[in-house]
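Chemist: Residue-level listing of the chains:
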Amino acid sequence: MSDWKELEAKSFYGASARERARGIVDEGTFTELAGPADRMSSPHLPVLGEAVEWDDGCVTGVGLIGKHPVFVISQEGRFIGGAVGEVHGAKMVGAFVLARQMYDRIKEEHPDELAERLPAVVISFETGGVRLHEANAGLLAHAEVMDQIQETKGKFPVISLIGSKVGCFGGMGFVAAATDVIVMSDLGRLGLTGPEVIEQEMGKDEFDSADRSLVYRTTGGKHKYIMRDANYLVEDTLGDFHDQLAAIMEAPYDEIVQCRRIGSEALVDEQLALAELSVEMAPKDARDVWAYFGNEDVEQIPEMTTAEFLAVAQRR
Amino acid sequence: MALRELNFTFTPDEPRPFPVGWSHRGVVGSGDMEVMFEQRDLGGDVQIKVCTPVVGFDEVWERVLDRFVRESQVSDAVIEINDNNATPVVVSMRMRQAMEEARKEAE
Chain G
1 MSDWKELEAK SFYGASARER ARGIVDEGTF TELAGPADRM SSPHLPVLGE AVEWDDGCVT
61 GVGLIGKHPV FVISQEGRFI GGAVGEVHGA KMVGAFVLAR QMYDRIKEEH PDELAERLPA
121 VVISFETGGV RLHEANAGLL AHAEVMDQIQ ETKGKFPVIS LIGSKVGCFG GMGFVAAATD
181 VIVMSDLGRL GLTGPEVIEQ EMGKDEFDSA DRSLVYRTTG GKHKYIMRDA NYLVEDTLGD
241 FHDQLAAIME APYDEIVQCR RIGSEALVDE QLALAELSVE MAPKDARDVW AYFGNEDVEQ
301 IPEMTTAEFL AVAQRR
Chain P
1 MALRELNFTF TPDEPRPFPV GWSHRGVVGS GDMEVMFEQR DLGGDVQIKV CTPVVGFDEV
61 WERVLDRFVR ESQVSDAVIE INDNNATPVV VSMRMRQAME EARKEAE
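Going down the list, the protein sequences come from chains G and P.
Numbering-wise (my numbering), the first sequence opens with residue 1 and increments by one.
Numbering-wise (my numbering), the second sequence opens with residue 1 and increments by one.
Take these hints with a grain of salt, some might be off.
Cβ-Cβ distance ranges computed for the label pairs, FRET-style [to be verified]: (1) G21/P - L277/G: 57 to 63 Å; (2) V20/P - G49/G: 30 to 36 Å; (3) L277/G - M1/P: 48 to 54 Å; (4) K204/G - R63/P: 43 to 49 Å; (5) G21/P - Q271/G: 48 to 54 Å; (6) N136/G - W22/P: 33 to 39 Å; (7) A251/G - T9/P: 55 to 61 Å; (8) G203/G - R96/P: 44 to 50 Å; (9) D208/G - G56/P: 38 to 44 Å; (10) T9/P - G49/G: 21 to 27 Å; (11) P111/G - M1/P: 54 to 60 Å.
Capping the alpha-carbon separation at 35 Å, the derived lysine-lysine pairs in DSBU-like fashion look like this [claimed, not checked]: (12) K284/G - K107/G; (13) K10/G - K165/G; (14) K104/P - K10/G; (15) K5/G - K104/P; (16) K165/G - K67/G; (17) K5/G - K165/G; (18) K49/P - K104/P; (19) K67/G - K104/P; (20) K104/P - K165/G; (21) K165/G - K49/P; (22) K155/G - K204/G; (23) K155/G - K165/G; (24) K107/G - K153/G; (25) K5/G - K67/G; (26) K153/G - K10/G; (27) K204/G - K49/P; (28) K165/G - K153/G; (29) K155/G - K5/G.
Reference excerpt, derived from the structure (chain P facing chain G, CB under 7 Å, subset only) [to be verified]: (30) A2; (31) L3; (32) W22; (33) H24; (34) N84.
Hints are computed from structural coordinates only; laboratory data are not their basis.
Here a beta-carbon is modelled for each residue, glycine too, at the ideal position from N, C-alpha and C.
All chains should be built: construct the whole structure from the sequences, respecting the hints.
Modeler: This is the structure:
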C-alpha cells in the first residue's frame, strides 16, 4: 500500500496534527507554513519550566482540494491538550490572513473562476480552549480568531473538522460554532464546558465525567448530528474527512453558508426556540431529546455504526 | 523552575554525515519528545542540544545520546530535542526512528 493510501485509511481520531493536515487535502499538495524548522515556540512556557514544541501545538499550512486553495489549521492534542497559547493563536490568525489575501488575489487575477478557485480555511480542532499558562494571550487569541471568522463572511467558507481524541471544548467550542460548516465523526466531541469541569463545578450527580457513554451521548458526534450542531457525520478516517471536504467545496458559497448555526436573526430565533423547548421538555438525558425528534430505539443509537446511524437518524 | 538546556558534542569513530538538509519527527506529548536534525559541516562531529524540564538526569542523557551516536555513527549534524519527561527507552527509540526515516528519505 502506498504511503498516501495508508494515510487516507488512517484513523482521524488517532492521527497527529501534522498527519491530519496532510491527509485532509489532495495528495502531496500540503505545504507547512511556520513549521517546526521556524522554531516558533511559546515564549511563556520556558520560564514556567514547561516543555515547549517548535510548532506550539498548531500545524498551519496550505494545500489544494481540486482547484481550491485550502488553508489548514490543525491542533495537536498531545501537546498540552491542544490548548491555545499566544503563538498557537497567532498561527491560526495567520492562516486566516493568508486565506483572505489569496481570496483577493484570485478575485483580481481570475474573476471568472472565483467559484472553482474559492479558498477555504479548514480547522481540525483538538483542544480544550485557552492554555492557562498564558491565559491572557490565549483569550486574546480566541477573540482574534473570532474576528477573523467575521472577516471571511460573504467571501469564502470556514470549515471545522472534529474527530480527535481531546475533542473541541472551551473557548474553541464557541469558535467552532461560529464557523460555516462542522464535520464530525461519531468519536468527535464538541462542547463548551468540558465534562470534567462540569463535574468539578456541579458535582457527580449533575454530570459523571467518568461515564464515557454519558459523555458521548451529550457531546459526541451522533448527538451533535441529530441536533444539527454538526452538519455532516463521517467515518473515522482521514480519507472520509477529505472526501467530505471535497464534496462541501463543490457546492456554491451561498449554499455552503446555509449550514451556519448562528449569524442571522432567523438563526437566533431558532436557537432561542430550542432553549425554550429544553425548559419545557426538561430532558433527563440526550436520549429523551433523540426520541422527541422522532428517533426510535434510542437505546441502540450509541451502539450503531456510523452507516447504520445515518440510515435511520431523525434530525431536529 | 525554568526549562533547562543541555549541550553535548560527540565524535563518532566512522562518521556517516547526516544525509538530508533537515528532518523533524515526534510530538512533545507527556513522556514524549520531538527531535530536529539539521545538516551542518562539523568536521565529523555531531552536536546535540536538549531542552528539558527534567533535573538530575544529565548523565543519563549523555549516556543515551552517546550510545545513539555510536550505533548510528551520525555526524555533521546539529540535533535538537524538545523533551517532555521522555524515558531513556523512548528517547532511544525516537532518535533511531528519526535517523532511519532520514536515511530512507535520502535513498
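Chemist: Confirm or reject each hint.
Modeler: Taking the hints in turn, this is what the structure says about them:
no. : hint                       : in the structure
1   : G21/P - L277/G: 57 to 63 Å : holds, 59 Å
2   : V20/P - G49/G: 30 to 36 Å  : holds, 33 Å
3   : L277/G - M1/P: 48 to 54 Å  : holds, 52 Å
4   : K204/G - R63/P: 43 to 49 Å : holds, 47 Å
5   : G21/P - Q271/G: 48 to 54 Å : holds, 52 Å
6   : N136/G - W22/P: 33 to 39 Å : holds, 34 Å
7   : A251/G - T9/P: 55 to 61 Å  : holds, 57 Å
8   : G203/G - R96/P: 44 to 50 Å : holds, 48 Å
9   : D208/G - G56/P: 38 to 44 Å : holds, 40 Å
10  : T9/P - G49/G: 21 to 27 Å   : holds, 26 Å
11  : P111/G - M1/P: 54 to 60 Å  : holds, 58 Å
12  : K284/G - K107/G            : violated, 51 Å
13  : K10/G - K165/G             : holds, 14 Å
14  : K104/P - K10/G             : holds, 22 Å
15  : K5/G - K104/P              : holds, 19 Å
16  : K165/G - K67/G             : holds, 31 Å
17  : K5/G - K165/G              : holds, 22 Å
18  : K49/P - K104/P             : holds, 24 Å
19  : K67/G - K104/P             : holds, 32 Å
20  : K104/P - K165/G            : holds, 30 Å
21  : K165/G - K49/P             : holds, 31 Å
22  : K155/G - K204/G            : violated, 45 Å
23  : K155/G - K165/G            : holds, 32 Å
24  : K107/G - K153/G            : holds, 15 Å
25  : K5/G - K67/G               : holds, 21 Å
26  : K153/G - K10/G             : holds, 33 Å
27  : K204/G - K49/P             : violated, 46 Å
28  : K165/G - K153/G            : holds, 30 Å
29  : K155/G - K5/G              : holds, 33 Å
30  : A2                         : holds, 6 Å
31  : L3                         : holds, 4 Å
32  : W22                        : holds, 6 Å
33  : H24                        : holds, 4 Å
34  : N84                        : holds, 4 Å
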